[in-house]
Amino acid sequence: MSVEDSFEYVTVRIGDQLLGVEVKQIREVFSPQDVTSVPRAPGEIAGLLNLRGRIVTAVDARHRLGLPPREPGANVMALGLEEGTELFGVLVDEVGEVMRLKSDTLEPTPAHLDPKWRVLLKGVHRLEKDLLAVLDIRALIAWQGGLAA
Amino acid sequence: MDELIGEFLAETSESLDVIDVELVKFEADPTDRATLDNIFRLLHTIKGTCGFLGLERLEAIAHAGETLLGKFRDGDMVADSNAVTVVLKSLDRIKEITNGLEQTGVEPAGDDRDLIDRLESLSQGHGDPEAAAPAEPVAAAPAPEPEPAPEPEPEPEVQATADDAATGFDADLGRELRPGEVSLADLEAAFLSTPGPEFEAEAETAHDAEADADEDEHDAEPAHVDAPVKAESAAPAPAAKSESKAPANDDAGQQQAHRTQATIRVNVDTLENLMTTVSELVLARNQLHQIVRDNDDSALKTPLQRLSSVTAELQDGVMKTRMQPVGDAWRKLPRIVRDVSQELGKKIRLVQEGEDTELDRQVLELIRDPLTHMIRNSCDHGLETPDERAAAGKNEMGTVKLSAYHEGGAIIMKIIDDGRGLNAEKIRQKVIEKGLASEAELENMSEAQIQRYIFAPGFSTAAAVTNLSGRGVGMDVVRTNIEQIGGSIDLFSEQGKGTTFTIKIPLTLAIVSALIVKSGEDRFAAPQLSVRELVRVGAGSSIAVETLNGANMIRLRDRLLPVIALSEVLNTAEHTSAEDMTGYVIVLEAAGRKIGLVVDDVLDTEEIVVKPLSGPLRSINVFSGATILGDGSVIMILDPNGLAQETSSAEGEEQSDAAAEDAAEAQGANGRQRLLLVRAGGEEPKAVPVSLITRLEDFEAQTIEQTDGRYVVQYRGRLLPLAHAGGMDHFPTEGRQPVLVFAEDGRSAGVAVDEILDVVEERLDLEMGSERPGVIGSAIIKGKATEVLDIAWHMQRAWNGAPQRKGKSSTGRNAVLLVEADAFSRRMLAPLLAAAGYDVTVAGGLHEARDAATMGAEYDVLVGDPAALARLQEEGVYTNVPRLGVGEHDYTQSTDGFVAIMPAGDRGGLIAALDQAARSAA
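Protein sequences, first through last, are from chains F and E.
Start counting the first sequence at 337; every next residue gets the next number (my numbering).
Start counting the second sequence at 23; every next residue gets the next number (my numbering).
Keep in mind that the hints were calculated from the coordinates and are not lab data.
Wrong hints could be hidden among the right ones.
What the hints assert, rightly or not - Footprint (simulated), chain F over chain E, 3 or more residues, beta carbon under 8 Å: (1) 637-648; (2) 696-704.
Claimed, not checked - If you want the ones that stay clear, here's a sample from chain F, every Cβ over 12 Å from chain E, calculated: (3) Asn411; (4) Leu437; (5) Val460.
What the hints assert, rightly or not - The list that follows gives simulated cross-link-like pairs (lysine to any residue, SDA-like), each with its CA atoms no further than 25 Å apart: (6) F:Lys360 x F:Leu442; (7) E:Lys354 x E:Glu406; (8) E:Lys540 x F:Lys360; (9) E:Lys540 x F:Arg376.
Given the structure is predicted, the values throughout are model-derived calculations rather than measurements.
In this text, a Cβ means the ideal position worked out from N, Cα and C, and glycines have one as well.
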């Protein structure tokens with residue numbers, strides 16, 4: 337499979353859902369520690385944390401996707417990405433594997449999906465057995481106007 | 023981009039700023055030779071460098087400008103404002119071109135013929151073709167662009183001869199000189215003869231030095247091809263000058279070389295990186311501190327202390343490299359003021375003070391625009407037109423003064439104009455019109471509070487929108503910008519006299535000293551710049567948090583300071599009751615007011631590195647950023663401005679601002695009194711001067727006994743007679759009963775009320791007497807008409823149990839009717855008379871006295887305002903009762919029936935006279 341006609345994804349689990357995130361969109365994967373909660377912050381902001389001397393804003397993907405909050409002590413991982421000069425960490429339940437998929441298996445996001453999801457998805461890949469929805473992680477951390485209520 | 027061009031741009035933009043300022047100065051005083059010389063020199067340098075770099079457009083404009091300036095300089099022409107305007111316009115064009123150059127690396131295409139024509143026409147003495155009526159066609163109009171050739175290899179054959187000079191052929195330009203035009207060589211000579219007195223002030227660059235060295239070389243080496251040209255074509259007089267000045271110029275060159283070694287130009291990014299690195303070092307040091315503190319590792323202590331002090335020095339040093347005089351941000355202002363004054367036809371003088379005050383360049387950059395905007399505003403809206411000023415008896419020349427000075431860890435900048443001041447009434451209308459506040463809300467606001475609405479979003483008072491300001495975004499944006507950098511802005515304005523804006527900004531943004539506080543489980547950083555003091559409250563402290571109507575406050579040096587739990591502001595806890603507030607109150611001053619923030623603990627002070635918040639968090643106004651502490655944890659930095667706004671909206675408008683409070687304090691609380699607001703019979707609040715109240719008590723309703731129509735309660739081993747301010751039938755049968763205890767002449771009485779609402783500080787201006795017994799009158803309190811309780815009357819009732827207005831008292835004491843409209847005198851006199859053994863009934867006005875007469879109350883003596891008493895006499899009220907006047911003796915008034923008229927201050931005399939009057943009555 338050539339690089340041009342394919343995408344590289346890292347799979348993540350959020351709730352029961354397996355989603356793919358384009359590898360080139362993220363900078364690193366890390367385990368978030370000592371998250372300082374920010375009073376009066378929007379619900380999806382889990383807090384701030386110190387990643388090697390830089391402050392990272394943790395955004396909870398569960399909240400953005402309208403899923404119930406994570407149980408205390410449950411497994412959590414973060415996908416780190418940089419937006420301008422700001423660092424964000426998107427909290428997911430689990431990070432799986434890296435896979436390369438052909439771009440022609442990508443279909444547009446089904447129109448009847450919950451709008452909360454639809455704005456955060458880039459499309460859906462048809463796999464042999466099931467589907468892999470592609471999470472647009474930039475849209476997930478976008479906050480101006482794009483914030484779902 | 024070519025490195026040379028980069029240097030040229032940096033240097034030119036500085037020079038242009040200086041020329042801007044200098045030209046405005048020069049226009050004000052066209053005889054100021056030193057200023058003109060400086061301008062001439064700077065422009066010449068720009069021209070020279072342009073030629074060297076092959077920047078044709080720039081050179082052509084600079085040359086034409088220099089020619090014109092040369093005319094001024096030689097005294098051939100007098101600089102008028104029109105000529106200066108054209109020169110300023112050329113500078114603008116030069117800026118435009120350099121901007122384009124900066125972006126693309128090449129001179130943008132364009133034609134500057136228009137400007138050059140105007141400049142040339144002026145230097146030929148034709149006047150400005152645009153300003154004047156259509157000028158005669160410019161002689162040299164079709165001539166090609168002047169060939170830029172400053173000091174490159176001149177062809178030997180065109181080496182100027184005396185003949186050429188006579189016919190006006192210029193070797194350097196390679197064409198005939200236009201009438202009145204000065205040859206390049208002449209200009210060069212003139213330049214060399216111009217002393218450069220302000221070289222010291224310039225941060226000389228390596229490039230400058232090179233250029234200077236080049237020029238010096240010209241003079242030093244007669245063999246240089248350029249030299250003969252100069253000597254010959256500039257003959258006769260300028261040449262002589264040039265020679266005589268040459269050695270001096272050499273000296274200057276050497277001095278400059280020394281100076282060059284003393285300063286270097288450093289890329290801003292390099293400094294920024296250095297600062298970031300130092301910030302990280304500070305963090306690492308803090309971390310080490312934490313570890314040593316936790317582990318008590320004494321071996322590390324000494325080296326750590328050393329590291330600590332070196333870090334601090336390094337930090338200081340790096341901070342210094344970032345410091346710039348605030349005058350750098352003011353450079354453009356004289357030009358702006360000049361343009362504005364021309365455009366608006368106003369006469370404006372800009373005064374600058376404290377230009378040398380230094381602050382962080384990052385802060386400087388951030389205040390530049392707000393400052394420009396404010397100066398424009400002051401010129402445009404603040405100052406009146408000369409006619410208006412003359413009509414108001416002011417100097418036609420308006421003044422805008424800009425000053426800066428250090429105070430604590432901050433810089434205070436003031437922008438003071440002597441204009442018309444802010445019109446609170448206009449602002450009020452506008453606020454209502456724009457729906458920023460309701461009429462009722464405004465009612466309760468002081469003038470200063472209303473004036474502050476000019477900082478509200480979408481507010482603009484200018485009747486006409488000019489292109490200078492008044493786009494309605496102004497002051498709001500200014501405030502936001504200033505608050506974003508942790509500063510604050512406030513204003514003071516007096517109608518007709520002017521307006522003062524005060525801006526307080528931190529010296530630097532990168533590292534601030536902060537108090538680390540704890541609220542619940544979380545820690546927060548409070549910038550020390552805004553912290554006024556720390557007060558311990560609750561357990562183990564003499565200061566407790568008290569509650570009035572759900573609002574918490576503490577008494578701090580006889581003032582009430584509203585306090586609020588930090589956890590409550592941050593929504594991390596429910597409303598905290600006063601009893602639960604223990605810990606510390608951080609007294610913050612921000613946005614012109616003081617607030618008390620209750621936290622559980624104060625842990626530490628730390629130098630913190632401020633990190634900005636990411637997008638989704640920036641809208642939380644109570645935080646200004648986040649920081650990483652020594653232990654590696656992230657905490658939020660509190661924003662005092664945001665907190666002040668939050669709490670003021672939570673506390674309502676009774677928050678008097680710190681400035682007004684201070685003013686009141688300074689005036690000795692002139693005429694202001696603290697008033698207790700209560701509810702008693704009816705929803706409307708009623709007021710009692712706090713100074714009269716001995717104590718506030720709270721009794722179980724069941725403990726109040728009724729005997730013989732009188733209400734009493736056991737209190738401190740005695741019976742305390744009670745009266746209810748809302749009427750005797752208002753005593754509750756269960757629950758609790760708040761009671762105000764008053765003591766007079768060794769006797770106490772309690773006045774019960776339904777509810778204690780609030781304590782306010784207001785001027786007590788009794789508007790009118792009252793028809794109703796038990797009420798002295800009404801006053802405007804918190805913008806509402808509020809009845810003021812007649813405490814003497816209620817005490818009487820408590821003692822007598824008799825609800826009617828009884829004159830001759832059953833106690834056998836003489837009854838006195840005090841007729842006095844002035845509440846202050848009344849408050850002073852009533853206790854005095856009572857203390858002397860009289861039963862005092864107070865009448866706030868004439869009609870109350872009349873009412874008392876109608877009701878058949880009897881008195882032994884009338885005491886009070888002589889005019890009022892005389893009036894009663896005329897009306898036939900209490901004609902046979904002796905009168906004792908207190909106050910000014912007005913000799914035009916009849917003194918019939920007066921025992922005496924005593925000054926209010928003579929207490930002894932007053933009582934003696936009263937005793938005498940009472941005896942005469944008996």
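Now the hints, each set against the structure:
no., hint, in the structure
1, 637-648, "holds (count 7)"
2, 696-704, "violated (count 0)"
3, Asn411, "holds, 22 Å"
4, Leu437, "holds, 31 Å"
5, Val460, "holds, 27 Å"
6, F:Lys360 x F:Leu442, "holds, 17 Å"
7, E:Lys354 x E:Glu406, "holds, 22 Å"
8, E:Lys540 x F:Lys360, "violated, 41 Å"
9, E:Lys540 x F:Arg376, "holds, 17 Å"
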